[in-house]
Amino acid sequence: MIIAIASGKGGTGKTTIATNLAITLAADVGKRITLADCDVEEPNASLFLKPEIVERETIYNLVPRVDAALCTSCGRCAEVCQYNALAVIKGKVLVFDQLCHGCGSCTLQCPEGAISEMPVPLGVVELGQGRGLHFVQGVMNVGVTMAPPIIRAVKQQAQTVGQNVVILDSPPGTSCPVVETLRDADYCLMVTEPTPFGLHDLKMAIQVARNELGLPVGVVLNRDGIGNSAVEDYCAAENIPILLKIPLDRRIARAYSDGETIYDALPEYRERFLALYQAISQAVTQ
Amino acid sequence: MKQWVILSGKGGTGKTSVTASLAHLASTNHKLVLADADVDAANLEFLLDPQLEEQNDFISGQLAAIQQDACIACGRCREVCRFEAVRNNSGAFTIDDTACEGCAACYYECPAEAIEMTPSHAGEWYRSSSRYGTLFHAHLYAAQENSGKLVSTVKQSAALWASRNGEKLLLVDGPPGIGCPVISACSGADLAILVVEPTVSGEHDLERVLQTTTHFGVPAMIIINKADINPERADAIEAFAQTRGIRVLGRLPFDTGVTQAALQGQPVTVWPDLPISRELTRIWGILESEL
Numbered sequence: 001m002i003i004a005i006a007s008g009k010g011g012t013g014k015t016t017i018a019t020n021l022a023i024t025l026a027a028d029v030g031k032r033i034t035l036a037d038c039d040v041e042e043p044n045a046s047l048f049l050k051p052e053i054v055e056r057e058t059i060y061n062l063v064p065r066v067d068a069a070l071c072t073s074c075g076r077c078a079e080v081c082q083y084n085a086l087a088v089i090k091g092k093v094l095v096f097d098q099l100c101h102g103c104g105s106c107t108l109q110c111p112e113g114a115i116s117e118m119p120v121p122l123g124v125v126e127l128g129q130g131r132g133l134h135f136v137q138g139v140m141n142v143g144v145t146m147a148p149p150i151i152r153a154v155k156q157q158a159q160t161v162g163q164n165v166v167i168l169d170s171p172p173g174t175s176c177p178v179v180e181t182l183r184d185a186d187y188c189l190m191v192t193e194p195t196p197f198g199l200h201d202l203k204m205a206i207q208v209a210r211n212e213l214g215l216p217v218g219v220v221l222n223r224d225g226i227g228n229s230a231v232e233d234y235c236a237a238e239n240i241p242i243l244l245k246i247p248l249d250r251r252i253a254r255a256y257s258d259g260e261t262i263y264d265a266l267p268e269y270r271e272r273f274l275a276l277y278q279a280i281s282q283a284v285t286q
Numbered sequence: 001m002k003q004w005v006i007l008s009g010k011g012g013t014g015k016t017s018v019t020a021s022l023a024h025l026a027s028t029n030h031k032l033v034l035a036d037a038d039v040d041a042a043n044l045e046f047l048l049d050p051q052l053e054e055q056n057d058f059i060s061g062q063l064a065a066i067q068q069d070a071c072i073a074c075g076r077c078r079e080v081c082r083f084e085a086v087r088n089n090s091g092a093f094t095i096d097d098t099a100c101e102g103c104a105a106c107y108y109e110c111p112a113e114a115i116e117m118t119p120s121h122a123g124e125w126y127r128s129s130s131r132y133g134t135l136f137h138a139h140l141y142a143a144q145e146n147s148g149k150l151v152s153t154v155k156q157s158a159a160l161w162a163s164r165n166g167e168k169l170l171l172v173d174g175p176p177g178i179g180c181p182v183i184s185a186c187s188g189a190d191l192a193i194l195v196v197e198p199t200v201s202g203e204h205d206l207e208r209v210l211q212t213t214t215h216f217g218v219p220a221m222i223i224i225n226k227a228d229i230n231p232e233r234a235d236a237i238e239a240f241a242q243t244r245g246i247r248v249l250g251r252l253p254f255d256t257g258v259t260q261a262a263l264q265g266q267p268v269t270v271w272p273d274l275p276i277s278r279e280l281t282r283i284w285g286i287l288e289s290e291l
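Chains as they are written, first to last, in our numbering: chain A, 1 to 286; chain B, 1 to 291.
Okay, chain A solo, but in the shape it has when bound (with noise of 0.2 Å):
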């Protein structure tokens, strides 16, 4: 079972969400679990986790090299550019590697053969072993505008090791980062707050997962009692089940700051994060 952790908005507890859950599961379920943290630009659940990394894999973009010997400037490759990656200026070939998505394009309608493809790196994936779970994270290096590569091979990492339940941390926002997190996943749970920013962009991450990938949803209403009932009410309405609430606490706050679990700091969380596990697991198998 692949369960996303997703939000839309950012900083409303993604990241506490999920290695709570996957902490709790390894620990006191016993299951076989795989973390993956997918928002490969500000990569969190480390901090957490503290995993012993072992194993790093560079994650590579394809970009497109010209053979000046064999190039005739005739403009093909800049003409079926959708990114405008390429342009012909003066005679000669100029590549932007940060424009080319890598998808081969013009490799492939070079009518002259003159262009072959060179890997630059985009980051790493990491895997590794924490708290009796496995891990996996991507990590994108600074520069590099492009992270659905890097989440695409964080995932495939993370389904090789073949374990029961896959817990993917996705980034924020709504557009193709998260997309590519939550791309196949069996569940999606939001982690929202009760103010008119986690609201609206609660709204759009349901757009998300439910309308445009088809994903059962539920929601984590994180710091319960610091806004109004207005997300309560939109849940209620749109018939999105609210499956965990975690009060405004500094002791929370506190425990995150210094990299701490609520499952070490605050104990009696743990059946909780229990009951939410069972929640998603009778909304998937239904």
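Just so you know, the hints here were simulated from the structure itself, not pulled from any lab data. Being a predicted model, the structure only gives us computed values, none of them experimental. One should not assume that every hint holds.
What the hints assert, rightly or not - Example chain A residues on the side facing chain B (calculated, C-beta under 10 Å, incomplete): (1) Val29; (2) Gly30; (3) Val40; (4) Leu47; (5) Tyr83; (6) Val120; (7) Val124; (8) Leu182; (9) Pro196; (10) Arg223; (11) Ser257.
Unchecked claim - Cβ-to-Cβ under 10 Å is the rule here; a few derived chain A residues that face chain B: (12) Gly11; (13) Gln98; (14) Glu193; (15) Ala209; (16) Leu248.
Stated by the list, open to error - Derived coverage of chain A by chain B (criterion: at least 3 residues anywhere in the stretch with Cβ under 8 Å from a Cβ of chain B; other residues may be distant): (17) 102-113; (18) 172-181; (19) 211-217.
Every residue, glycine too, gets a C-beta built ideally from N, C-alpha and C.
Following the hints, put chain B in place on chain A, whose structure we already have.
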């Protein structure tokens, strides 16, 4: 015209609340333009009560579509697609719009010319008037590509407007992360104001976003938000900033007044006597001297 971008790396540290507060404080002495560059989760408008003046469609690129009557089911499209966007349901080939990156590799390779590229209407962008200045904002539809391109569109329109109208400051509310929309939000900025929280994640993400602003040659300053959640870590962030020669503008306390004000559609600075508002006012004083 100065262009300042509010960033954080980590989400939910208070970028939008700080942006709206600074806009409020700035607007008493200056004319300014605002841009919401977090087009995935655009929230700045909730604190500004904007009145729509102009609306535009955003075309992000193209999407492939297979004409079923022309398709000979050879599978070449599926072979050349590197984004796993071509589905094969026992001989019926279709495109998964959420996976298609619009590269057109399949369009050029299809021997039956059965593939069409159609423009992808991926969102809208707007110009609105607001309490504190003209606001440029956008709405990227769910599950779309190319938010960096929409960020660029919003920012370029805002910058053009600011220079045409002789306005002094463009304040850009940035997206979280360090990827394509952040790079678009950073480009051309004179200053990045980094809103950081004193947590292990906040510190980690600060380093990554600082590497990004440094990479693109944008000088940075720091505001520590929710500083009293962990004062020792706030001290550590100040010490770290000092080693990098980066100015820490101030420390904001955690205050539920920020949320209470947001529920009323206002930045917290409309209540000037709160400790957080006094600190924001002091910070604005420092920033104003940079104008």
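Results for each hint:
1. Val29: violated (26 Å)
2. Gly30: With Cβ-Cβ at 28 Å, over 10 Å, it is violated.
3. Val40: holds (8 Å)
4. Leu47: Nearest chain B Cβ about 4 Å off; hint holds.
5. Tyr83: Nearest chain B Cβ about 8 Å off; hint holds.
6. Val120: A:Val120 check fails; min Cβ-Cβ to chain B is 15 Å, beyond 10 Å.
7. Val124: violated (14 Å)
8. Leu182: With a closest approach of 9 Å, the A:Leu182 hint holds.
9. Pro196: holds (5 Å)
10. Arg223: holds (9 Å)
11. Ser257: holds (4 Å)
12. Gly11: holds (1 Å)
13. Gln98: holds (8 Å)
14. Glu193: holds (8 Å)
15. Ala209: holds (9 Å)
16. Leu248: With a closest approach of 8 Å, the A:Leu248 hint holds.
17. 102-113: As far as the region 102-113 of chain A goes, the hint holds, because 6 residues have Cβ atoms under 8 Å from chain B.
18. 172-181: holds (count 8)
19. 211-217: That given contact holds, which follows from 3 residues of the region 211-217 of chain A lying within Cβ reach (below 8 Å) of chain B.
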